[in-house]
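Top line first, the protein sequences correspond to chains W and E. Residue 249 in our numbering is what sits at position 249 of the first sequence, and the numbering runs on without skipping anything. Residue 139 in our numbering is what sits at position 139 of the second sequence, and the numbering runs on without skipping anything.
Hints may be right or wrong, so weigh each one.
Only some residues are given here: those of chain E computed to face chain W with a beta carbon under 8 Å [stated by the list, open to error]: (1) G6; (2) N9; (3) E25; (4) T26; (5) P81; (6) S100; (7) P104; (8) N147; (9) D148; (10) F149.
These are computed hints drawn from the structure, not numbers from a lab. C-beta atoms are modelled at their ideal positions from N, C-alpha and C, and glycine is treated no differently.
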Amino acid sequence: MREASILIVHPDRKTQRVVHRILGVTGYRIEIADQLEQGLRLLQHVAPKLVVVDGSAAQSPQAAAFFAAARARGAEACMMLLGSAAIDQVPQILDMGAVTNLLVHPMPVLAEELTITAHKLMRGDLFGVEKYLLWGTELHDLAITRSTQRAHVVAGLSEAIRARGQSARVASMAMLVADELISNAVHNAPIDGKGVHYRAELARDTEIELDERHQVRVRWGCDARYVAIEVTDQFGSLDRDTILRALAQHDVRDSGGGAGMGVALSYRSCDHLVFNLAPGKRTEIIALVDVRYPPTERIPASSYNVFVESPS
Amino acid sequence: MTDTRGRLNIDAAPGQWNLSGSIDETSALVELLARAQGSLLVLDLAGVTFINSLGVRDWIRLQSEASRQHIAIELRRVSEPIIHQLNMIIATRGNSRVASFYAPYACDACGREESLLIDVAANAVGLANLVAPAMPCPECGAQMAFNDFPERYFSFLVPEMPRPG
Numbered sequence: 001m002r003e004a005s006i007l008i009v010h011p012d013r014k015t016q017r018v019v020h021r022i023l024g025v026t027g028y029r030i031e032i033a034d035q036l037e038q039g040l041r042l043l044q045h046v047a048p049k050l051v052v053v054d055g056s057a058a059q060s061p062q063a064a065a066f067f068a069a070a071r072a073r074g075a076e077a078c079m080m081l082l083g084s085a086a087i088d089q090v091p092q093i094l095d096m097g098a099v100t101n102l103l104v105h106p107m108p109v110l111a112e113e114l115t116i117t118a119h120k121l122m123r124g125d126l127f128g129v130e131k132y133l134l135w136g137t138e139l140h141d142l143a144i145t146r147s148t149q150r151a152h153v154v155a156g157l158s159e160a161i162r163a164r165g166q167s168a169r170v171a172s173m174a175m176l177v178a179d180e181l182i183s184n185a186v187h188n189a190p191i192d193g194k195g196v197h198y199r200a201e202l203a204r205d206t207e208i209e210l211d212e213r214h215q216v217r218v219r220w221g222c223d224a225r226y227v228a229i230e231v232t233d234q235f236g237s238l239d240r241d242t243i244l245r246a247l248a249q250h251d252v253r254d255s256g257g258g259a260g261m262g263v264a265l266s267y268r269s270c271d272h273l274v275f276n277l278a279p280g281k282r283t284e285i286i287a288l289v290d291v292r293y294p295p296t297e298r299i300p301a302s303s304y305n306v307f308v309e310s311p312s
Numbered sequence: 001m002t003d004t005r006g007r008l009n010i011d012a013a014p015g016q017w018n019l020s021g022s023i024d025e026t027s028a029l030v031e032l033l034a035r036a037q038g039s040l041l042v043l044d045l046a047g048v049t050f051i052n053s054l055g056v057r058d059w060i061r062l063q064s065e066a067s068r069q070h071i072a073i074e075l076r077r078v079s080e081p082i083i084h085q086l087n088m089i090i091a092t093r094g095n096s097r098v099a100s101f102y103a104p105y106a107c108d109a110c111g112r113e114e115s116l117l118i119d120v121a122a123n124a125v126g127l128a129n130l131v132a133p134a135m136p137c138p139e140c141g142a143q144m145a146f147n148d149f150p151e152r153y154f155s156f157l158v159p160e161m162p163r164p165g
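Throw the hints in and build the complete structure from the sequences for me.
If you want it as structure tokens, here you go:
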């Protein structure tokens with residue numbers, strides 16, 4: 001078995017050190033390169049599970065070759081860090097379609113996001129909203145057993161969030177995300193043996209009883225940092241490329257049918273969207289709404305992660 | 001009398017229709033065009049608390065059909081959830097005109113957060129320069145601060161009010 005390592009490519013020495021310190025605590029070997037060219041050379045000798053690159057790499061003509069090489073060497077995730085100055089590059093980064101993890105927040109949120117992402121990848125332990133919440137946070141857990149339960153659950157979520165002292169804005173964002181994710185899980189996730197999404201075209205207000213296989217699990221909690229909402233289906237039909245295409249849509253209208261518009265709208269309505277994929281088994285999507293900072297102190301972009309469970 | 005469609009309520013008021021509740025797959029918004037007076041449909045959206053992606057699709061259909069039928073839509077007291085969609089998805093704006101809208105404010109002195117009404121015509125100059133009007137805190141009277149990025153929150157107004165210079 002190869003030694004687990006992480007490759008960091010960043011032109012700024014100070015940032016290299018900060019990221020090295022954060023990822024170093026995971027105990028994995030860290031390789032560092034200043035530029036993508038140097039990173040490409042390193043990839044001839046190392047096979048990192050995770051590569052972390054600076055957002056400015058999106059402008060580089062070497063970017064596509066670097067990400068392709070990293071994937072060819074077995075990197076399970078290509079993570080990009082974005083300083084606030086590079087926020088304008090988000091559309092271009094999304095267009096690349098190769099960045100499986102985009103972290104847009106500065107320190108100290110960056111440290112949290114980086115550490116959790118690295119641990120999930122390196123340990124192969126992807127699932128569960130608990131990883132994003134502080135110890136002791138109460139998680140509410142419910143099953144969607146009828147398709148029309150969605151509106152009731154979403155309204156209840158909003159009331160509960162408001163009752164915990166959060167703003168109308170936070171409740172509104174949570175409602176939108178929960179509605180879209182539940183709708184996707186009930187109507188778009190189910191596929192038959194031929195890969196046909198047999199409930200995608202059903203009117204959303206049609207009453208459907210959901211048997212055990214079709215039931216959707218919703219968990220949510222708030223730890224005074226985040227309102228976190230986790231929605232899980234038991235089909236695992238959402239794939240990485242569909243997600244990256246949906247995230248890249250500049251106009252949400254163009255995100256297509258199926259899960260596309262829901263994913264695009266959810267991404268723009270929360271601060272961090274996490275996709276945990278177990279192909280053919282389950283899809284778990286976690287949306288985090290940051291409740292610590294007022295809108296004017298927040299980055300006008302959102303982080304995302306796409307994790308795919310390795311076949312065992 | 002209230003006309004209820006799914007989770008959306010429609011009430012008649014002098015010269016306008018008041019919408020409240022949620023806009024979603026059950027709303028059938030296009031049918032509102034039959035309620036236009038002449039070639040104008042006036043909608044008060046203060047009570048709309050939620051719109052999902054299916055509601056957005058329906059809203060875009062309403063805008064397209066209004067253009068096709070040469071019906072102008074005036075939006076009054078537009079709530080924050082609708083403003084977010086107008087900012088995110090350009091097609092939701094259609095040819096409609098926003099007369100007034102709610103915007104987020106926060107008070108540094110007492111911490112109160114409030115959604116406050118802004119009249120577009122009365123604040124046209126400031127809004128064109130992306131400056132939110134000053135608002136007193138309803139609780140302590142101190143001046144509240146606009147609680148979002150003006151260039152983001154007011155972007156739905158841009159086609160109506162080109163930036164100076």
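Going down the list of hints, with the structure as the test:
Look at G6/E: its Cβ gets to within about 7 Å of chain W, closer than 8 Å, so that hint holds up. Contact between N9/E and chain W, as hinted, is not supported at the beta carbon level, the nearest pair being about 14 Å apart and thus beyond 8 Å. Taking 8 Å as the C-beta contact cut-off toward chain W, the hint placing E25/E at the interface holds, the least distance being around 4 Å. For the restraint placing T26/E at the interface with chain W, the shortest Cβ-Cβ distance is roughly 5 Å, inside the 8 Å limit, so the hint holds.
Checking P81/E against chain W: minimum C-beta separation of about 5 Å stays under 8 Å; hint holds. Hint status for S100/E relative to chain W: violated, with the closest Cβ pair at about 18 Å, above 8 Å. Using the Cβ-Cβ criterion of 8 Å, the hint placing P104/E at the interface with chain W is satisfied: the shortest such distance is roughly 6 Å. Restraint check, N147/E versus chain W: the minimum CB separation of about 6 Å is within 8 Å; hint holds.
Given hint, D148/E at the interface with chain W, holds; its Cβ is 4 Å from that chain's nearest Cβ, closer than 8 Å. About 6 Å separates the beta-carbon of F149/E from the nearest beta-carbon of chain W, less than 8 Å, and the hint is met.
Consistency with the previously given hints fails for numbers 2 and 6, ordered from lowest to highest.
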